[in-house]
Amino acid sequence: MKELIWLVPLLPLVGFLLISLGKSYFSKSLAGILASAMVFGSFVISLGVFFDVLNGDGKQTTVTLFEWIATADFHVNIAFLVDSLTSIMLLIITGVGFLIHLYSMGYMHDDEGYAKFFSYLNLFVFFMLLLVLGDNYLVMFAGWEGVGLASYLLIGFWFKNQPYNDAAKKAFIVNRIGDLGFILGIFLIYTTFGTIQYSGVFGGALNFTENDPTIVAITLLLFVGAMGKSAQIPLYTWLPDAMAGPTPVSALIHAATMVTAGVYMIARSNLLYSLSPDTLGFVAIIGGATAVFAATIGIFQNDIKKVLAYSTVSQLGYMFLALGVGAFTGGVFHLITHAFFKALLFLGAGSVIHAMGGEQDIRKMGGLKKYVPITYMTFLVGTIAISGIPPFSGFFSKDEILAHAFQVNPIFWVLGVLGSMMTTFYMFRLFYLTFMGTFRGTEDQKHHLHESPKTMTIPLVVLAVLAIVAGFIGIPHVLGGNHWLEHFLAPVFKQSEIYAHGHKLTHSTEYVLMGVTVTITILMILFARTKFVSKGYVPADDSVKQGFIPRLLANKYYVDEFYNAIIVKPLNGLASFTYKFLELKGVDAIVNGIGKLVVFISGQARKLQTGNTGFYIFAMVIGMLVLLALNLFNK
Amino acid sequence: MGTLQAIPLNHYIFLSVILFSIGVIGVLLRRNAIIIFMCIELMLNAVNLLMVAFSAHHGDGSGQVFVFFIMAVAAAEVAVGLSILIMMHRNTNTTDVGFLNKLKF
Amino acid sequence: MTQYVFYFLSFLAILSALMVVFSKNPIHSVLYLVLTFFAIAGHYLLLNAQFLAIVHIVVYAGAIMVLFLYVLMLLNLNVDSEPVKKNWVKFAGVLSGGLLMLTLVATFHKAEATPLIQDNPEIGVTANLGKILFGEFALPFEISSVLLLSAMIGAIMLSKKEVKK
Chain S
-13 MKELIWLVPL LPLVGFLLIS LGKSYFSKSL AGILASAMVF GSFVISLGVF
37 FDVLNGDGKQ TTVTLFEWIA TADFHVNIAF LVDSLTSIML LIITGVGFLI
87 HLYSMGYMHD DEGYAKFFSY LNLFVFFMLL LVLGDNYLVM FAGWEGVGLA
137 SYLLIGFWFK NQPYNDAAKK AFIVNRIGDL GFILGIFLIY TTFGTIQYSG
187 VFGGALNFTE NDPTIVAITL LLFVGAMGKS AQIPLYTWLP DAMAGPTPVS
237 ALIHAATMVT AGVYMIARSN LLYSLSPDTL GFVAIIGGAT AVFAATIGIF
287 QNDIKKVLAY STVSQLGYMF LALGVGAFTG GVFHLITHAF FKALLFLGAG
337 SVIHAMGGEQ DIRKMGGLKK YVPITYMTFL VGTIAISGIP PFSGFFSKDE
387 ILAHAFQVNP IFWVLGVLGS MMTTFYMFRL FYLTFMGTFR GTEDQKHHLH
437 ESPKTMTIPL VVLAVLAIVA GFIGIPHVLG GNHWLEHFLA PVFKQSEIYA
487 HGHKLTHSTE YVLMGVTVTI TILMILFART KFVSKGYVPA DDSVKQGFIP
537 RLLANKYYVD EFYNAIIVKP LNGLASFTYK FLELKGVDAI VNGIGKLVVF
587 ISGQARKLQT GNTGFYIFAM VIGMLVLLAL NLFNK
Chain Z
2 MGTLQAIPLN HYIFLSVILF SIGVIGVLLR RNAIIIFMCI ELMLNAVNLL
52 MVAFSAHHGD GSGQVFVFFI MAVAAAEVAV GLSILIMMHR NTNTTDVGFL
102 NKLKF
Chain P
159 MTQYVFYFLS FLAILSALMV VFSKNPIHSV LYLVLTFFAI AGHYLLLNAQ
209 FLAIVHIVVY AGAIMVLFLY VLMLLNLNVD SEPVKKNWVK FAGVLSGGLL
259 MLTLVATFHK AEATPLIQDN PEIGVTANLG KILFGEFALP FEISSVLLLS
309 AMIGAIMLSK KEVKK
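Protein chains in written order, with the working numbering: chain S, -13 to 621; chain Z, 2 to 106; chain P, 159 to 323.
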């Protein structure tokens, strides 16, 4: 099946082309079916590839398609690397992608841009697959940029609304800032190793000592790219704004796949990162800080999607924290479980918004439990999973991260637990305010309330099941499991094992840590329940002036305003200055001046054509004279 | 014959040059088209003279033959040129070349 | 002896050329030009170009100048209708012509003043010239007849009055 690997990205690409070029020729629903079928086809082949890899004990193979760039020193092929990490990512992307395509068929049903939406979704899946399949940094970067493009197209999907366009632009531009770091990293890789193919780079990396400045520089630059794409501090501001896009977009791109590209990139380059513990420390600090920071903001958000957005930023922080403490498998594990339960939560939110006829403010919801039972059940599963209650999946992945964090530095563990506390709190706050209590919306909305169609609820159920059982692929030894995922991914990360720091924890320490986290989680759930259900507390309306801390957090620490003042306004000022002086008075003046000069000269020269024959003869005589004189003086 | 030995070629060259320059001055100076034409004939004759002188100097007959042809061409040119002049006079009722200045910027 | 003849003829030629250019009356200019042609014919005789001298007088003085006179008298030009150029233009013209002369003279004044030693003094005799003309230059001779024919047709075509319907 590995020979057919090229079909995996090709099918969505074909879907994109067919739908975008032919959408005026076939019916609307055909676009949705075609797109979903393409992704399903990719999923089937990815399954085949996965079993191939499984049977081959995770050996990696490279499938070269064709030569892309062939210059004197620089060679890049379009080639796909197939190993355990790739196959897992393929399954996630195509599997969750397929479920979201299915969901979109119901959610976007009444939208006039229905076919365009599916063409963009397919385009996104194509680029994401390219990103994870590439066997060199340039193909990955091509996919990296491509998903940024697809993200822009999809965030600004309802383009008639100017704030949505601004959000799309913001996403693209902030991503671009990160991409600058990524590109510089690739340049540095090329000059250091002479190649950008993974095999060449990782082979050459073994010759470097720990914390070699070049490797540290490379890893830092690549991480800057990850900061942008995976929304870490300080380049996270685009993700909450990206909620302007339709909810399936948020589920697919900003929860399950695109934002995890940074995690994948670091996991793929794990050898480089293990060789520079300084960078890893930096990654862990940023990850931990982001996890806590975003969680604090999430507590005071009142838009159902914004809460989930900040939750995503926070969970991504966890993934980077995992990578930073050397738990590469843990990071990937959390990536997988997060894909399931976050996509579930977003799709559930979409279902709620669909039922509420477009309302997204949770203060106007409440008591939806009896109106949308399936959504209620699945959303509950997602909330429990993200809080980390065993035996749901979130528990296993989060626990692994926290254990490794404690191994490296207990402070990281404290940060992780803090974040976990706040995650539980705001997620259950969201859940209780939306589904419990009494309905706080208008009468019109009440009549509109209905459960979503099957095409939307089936993906919810599937994802809920996955959110429950996904944890079992990584049951740690301390609980009696054999951690299948760790074995499966071992070939990818084994080279980094040599550089692993930190000491192993004893089983008793691990039990204590687990117990502490679970207890705190349950306490937070009870606290939330008391506040929001028993006491029926509802956050106040926007018109009521809040205290300093709630206002600070609800306005996301005014970070956007800060960036605006520090970066955006000076840049705009510089741009308008350059325009007024350098462009208009400088370049334009020179160019136009040359034009005017030519016109002037020709205007003067034209006066030679007097029409007076006598003058012409005179000119001839003068010419003759000059020639003869020249001849005379050149003897 | 002895006469031919007396006058050096230089003299003929200078004579021809002077006649030619007078012709040029005439063309530049006069406004009457006919006078200009006559000055052109003067210039042609200066060249003719020079050619004959060289032909006699080198003993080559081609120079004189060429002069013969120049005369034929000059005759043809005068015929056509004067008819153009008459046309011009018919249209503008003058032979002043200063009136023919419409081809200007 | 021939030198004096040469100088006299040259002086005559130059004087009448100047008078051609500077006469106010066009008829006077034509007559002076005829005089110039006679002077040049004299030079041809000095050079023993007998045939050319006669042909020169017949064609130029006899035909061309007569044609000029016809046209002048047809157009009935007088002294007072003679257009005159502005003074500074005249000055520029004389200056440039003079400069031209000066340049040409300067070019040639270093040339050696070798006396004429000719190989064949009889080259100008009609019979010899005829032999060369009809021998080597037979084709240009024939073509020049075509030239004259076309000139004739052209002159007639150009000056025909347009037939008014």
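Treat the hints as calculated values from the structure; they're not laboratory data.
From the three backbone atoms N, C-alpha and C, an ideal C-beta is built for every residue, glycine too.
A hint or two may mislead.
Unchecked claim - Just the calculated beta-carbon pair ranges, DEER-fashion:
(1) Ile580(S) to Asn245(P): 40 to 46 Å
(2) Glu294(P) to Gln590(S): 48 to 54 Å
(3) His186(P) to Ile580(S): 54 to 60 Å
(4) Ala605(S) to Ala269(P): 25 to 31 Å
(5) Lys268(P) to Val584(S): 43 to 49 Å
(6) His59(Z) to Leu613(S): 46 to 52 Å
For each hint, the structure was consulted:
1. Ile580(S) to Asn245(P): 40 to 46 Å: 42 Å, holds
2. Glu294(P) to Gln590(S): 48 to 54 Å: 52 Å, holds
3. His186(P) to Ile580(S): 54 to 60 Å: About 57 Å separates the Cβ atoms of His186(P) and Ile580(S), which means 54 to 60 Å holds.
4. Ala605(S) to Ala269(P): 25 to 31 Å: 29 Å, holds
5. Lys268(P) to Val584(S): 43 to 49 Å: 46 Å, holds
6. His59(Z) to Leu613(S): 46 to 52 Å: 26 Å, violated
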